[in-house]
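**Q** So you can see what is in the structure, the chains are spelled out below.
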Amino acid sequence: MRKIKLVLSFFCLLCVLAGCWRQEDTVPDTQRGYNIYRACQTWSIFYITNKVDLMMKFNSWYVANNQERNTIKNKWFRQYDIVEIEHGVFSFYDMMNRYEYAFSINTQGKSMADEDSHWTYRWYSGNASPKNQAIGYWWDKDMIICSSFRGCGWVDLHVDREVSDMPLELCWRVSMAEKDSLHSFIDWRLDLQSAEMPQTLFEGDFYISGSGCYKYVENYNSAWHVDCETETYLKYEIRSPMCWYASIGNVDDLCWYGGSMDLEAFDLQGNALPVKAEYVKPKNVKITYKGVSQVWNVQSGRVVE
Amino acid sequence: MRTIGVLGALLLFVEFVGAQTLDSAQVSAIDKNFWKTSLPRHELQWGVGCPLLEEFIIYGMGSDDLSGDFDRPHNWFDKEVYRGSRGTTLFNWSFSYLYRVCKFLWVGADVTYIGFYDVYYDKFTHQKAYINSDQLLTFMPKIRFSYLNRKYVTLYSGISCGIGWVIHSEKKEVNVVTNWAFQATAFGVKAGTSWFGFAEVGLGYKGFGVIGLGYHFNRQNRQLFKRNSL
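Heads up: the protein sequence lines correspond to chains H and R, in order.
If you're matching positions, the first sequence starts at 1 in the numbering used here and goes up one per residue.
If you're matching positions, the second sequence starts at 306 in the numbering used here and goes up one per residue.
Calculated from the structure, these hints are not laboratory results.
Every residue gets a Cβ at the ideal spot worked out from N, C-alpha and C, and that includes glycine.
Treat the hints loosely; a few may be bogus.
To be verified - Here are the simulated BS3-like pairs of lysine-lysine, each with C-alpha atoms no more than 30 Å apart in a straight line:
id, chain 1, residue 1, chain 2, residue 2
1, R, LYS476, R, LYS433
2, R, LYS428, H, LYS286
3, R, LYS384, R, LYS447
4, H, LYS276, R, LYS477
5, H, LYS235, H, LYS290
6, H, LYS283, R, LYS477
7, H, LYS286, H, LYS276
8, R, LYS433, H, LYS5
9, R, LYS384, H, LYS235
10, H, LYS286, R, LYS384
11, H, LYS283, R, LYS384
12, R, LYS428, H, LYS290
13, R, LYS476, R, LYS428
14, H, LYS290, H, LYS276
15, R, LYS384, R, LYS456
To be verified - The following residues of chain R were derived to be distant from chain H, with all beta-carbon distances above 10 Å:
id, residue
16, GLN350
17, PRO378
18, HIS379
19, TYR387
20, PHE429
21, LYS433
22, TRP470
23, VAL481
As the list claims (entries may be wrong) - What follows is a list of derived Cβ distance ranges for each label pair:
id, chain 1, residue 1, chain 2, residue 2, range
24, R, SER438, H, SER300, 31 to 39 Å
25, H, VAL298, R, HIS431, 27 to 35 Å
26, R, GLY497, H, LEU6, 19 to 27 Å
27, R, TYR418, H, SER300, 54 to 62 Å
28, H, SER9, R, VAL424, 26 to 34 Å
29, R, ASN380, H, VAL280, 24 to 32 Å
30, H, SER300, R, ASN380, 44 to 52 Å
31, R, VAL424, H, LYS281, 47 to 55 Å
32, H, ILE82, R, VAL482, 19 to 27 Å
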């Protein structure tokens, strides 16, 4: 009888423990603020690596002689066939993808290093392109995130040389603007600590200042038909220049190690989420969100302080 | 996990062989068909089980996670919540019916149910935001081997295998996931006459341990008793 009582007590204890057992709520207070910051960084890095750096690499091809061009093409543009469609305008055709048009670069016949250069990177954003271009879109189940500013259409990223106040610096204005919406734009100033034009952006440190706004379009319908139901915007202003560094040859390791920025996520229903991000130490960023400040390690994605 | 499965199967096999040995020893002494009139044929059981496994199946080792929504901007304006108290049905409730095919073999089915109810609160205002629930309903055909069959006491082992539905309700949106369900009863004991109590130890969707009440429908016995009394 005693044993039965003991077994029954143990059984009931197990049941009660199972009923009460739960995971602790481990989500940090600034998690959403950090997510917003990460979204901004993800898209900023996308434009830096996929557009601006590519233009810089193309510049090294553009100014090189024929022999050097082959070497540079094999190094960075192996998958593209580069065709000069008119003077100073080059179209890139993707040989790995049915020779489809990928993008164009308009040099206006000048090197990017020239003081009055105005380069334009043009691509078609959206799957409705006659060439069925997927560039510019990330498909995520039923949601579309537009990397461009419009649902579908030609997008131009301008990189215009500017004169720097500093003697050993190269400087460009990087801009992109959607004609249809006042919300979406990029307006950066890119400073490179180098007296000579580098072959790639990642040869040294570079600084980005300015502001921008990314638009996210959520599509509830089929993946092949863009029907924007909701729009979310991520506006940011860089308060002090963001210093970037990348291990050479490893753009995945691109990290921000200076500056601060104000971000604001908002939708067209009047909801807004302000976030403040400040550099603390390498790979550590202080996020302030809804009155709470926490330091995050961007590599581990965890709160460290 | 594989080791537990192998051990469980081995135990069942040993128990089954033991049951056969006992039967053959008894056969010589009593009428082979005596069990049909002396032992119950139909049985209903109501039991409560320990829900640890179900909770693990439903929730796993994960926790509420907002970390993945950085690339889901449509989630940014959702309420930020934390989970408060978890309500449960406390036990895993089971209902079984079994029919004795021969002296040592029963067939039937288990139906089990358990529910977990989580209250979520706004992270900043601490007001109740919504309640999410997870409910697990299973239907499992069952085989039972009874290796000791006495008037008041029966020892048995068994196995059930069937289908389970996890009904997940989140912010009033209901999602049903269908999966396999099982229960291996390593050891079970029941004691009583028409009404009886039982206890089982095993692994599966009924729980690690199950206790409860049951009822025998001895129709043939009753008719026999009635005839004898007349």
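**Q** Against this structure, judge whether each hint is valid.
**A** We went through each hint and held it up to the structure:
{"no.": "1", "hint": "R:LYS476 to R:LYS433", "verdict": "12 Å, holds"}
{"no.": "2", "hint": "R:LYS428 to H:LYS286", "verdict": "20 Å, holds"}
{"no.": "3", "hint": "R:LYS384 to R:LYS447", "verdict": "45 Å, violated"}
{"no.": "4", "hint": "H:LYS276 to R:LYS477", "verdict": "34 Å, violated"}
{"no.": "5", "hint": "H:LYS235 to H:LYS290", "verdict": "17 Å, holds"}
{"no.": "6", "hint": "H:LYS283 to R:LYS477", "verdict": "40 Å, violated"}
{"no.": "7", "hint": "H:LYS286 to H:LYS276", "verdict": "8 Å, holds"}
{"no.": "8", "hint": "R:LYS433 to H:LYS5", "verdict": "40 Å, violated"}
{"no.": "9", "hint": "R:LYS384 to H:LYS235", "verdict": "21 Å, holds"}
{"no.": "10", "hint": "H:LYS286 to R:LYS384", "verdict": "23 Å, holds"}
{"no.": "11", "hint": "H:LYS283 to R:LYS384", "verdict": "29 Å, holds"}
{"no.": "12", "hint": "R:LYS428 to H:LYS290", "verdict": "11 Å, holds"}
{"no.": "13", "hint": "R:LYS476 to R:LYS428", "verdict": "16 Å, holds"}
{"no.": "14", "hint": "H:LYS290 to H:LYS276", "verdict": "10 Å, holds"}
{"no.": "15", "hint": "R:LYS384 to R:LYS456", "verdict": "61 Å, violated"}
{"no.": "16", "hint": "GLN350", "verdict": "16 Å, holds"}
{"no.": "17", "hint": "PRO378", "verdict": "4 Å, violated"}
{"no.": "18", "hint": "HIS379", "verdict": "5 Å, violated"}
{"no.": "19", "hint": "TYR387", "verdict": "4 Å, violated"}
{"no.": "20", "hint": "PHE429", "verdict": "6 Å, violated"}
{"no.": "21", "hint": "LYS433", "verdict": "15 Å, holds"}
{"no.": "22", "hint": "TRP470", "verdict": "20 Å, holds"}
{"no.": "23", "hint": "VAL481", "verdict": "19 Å, holds"}
{"no.": "24", "hint": "R:SER438 to H:SER300: 31 to 39 Å", "verdict": "33 Å, holds"}
{"no.": "25", "hint": "H:VAL298 to R:HIS431: 27 to 35 Å", "verdict": "30 Å, holds"}
{"no.": "26", "hint": "R:GLY497 to H:LEU6: 19 to 27 Å", "verdict": "21 Å, holds"}
{"no.": "27", "hint": "R:TYR418 to H:SER300: 54 to 62 Å", "verdict": "41 Å, violated"}
{"no.": "28", "hint": "H:SER9 to R:VAL424: 26 to 34 Å", "verdict": "29 Å, holds"}
{"no.": "29", "hint": "R:ASN380 to H:VAL280: 24 to 32 Å", "verdict": "27 Å, holds"}
{"no.": "30", "hint": "H:SER300 to R:ASN380: 44 to 52 Å", "verdict": "22 Å, violated"}
{"no.": "31", "hint": "R:VAL424 to H:LYS281: 47 to 55 Å", "verdict": "39 Å, violated"}
{"no.": "32", "hint": "H:ILE82 to R:VAL482: 19 to 27 Å", "verdict": "51 Å, violated"}
Checked against the numbered hints above, the structure violates hints 3, 4, 6, 8, 15, 17, 18, 19, 20, 27, 30, 31, 32; every other hint is satisfied.
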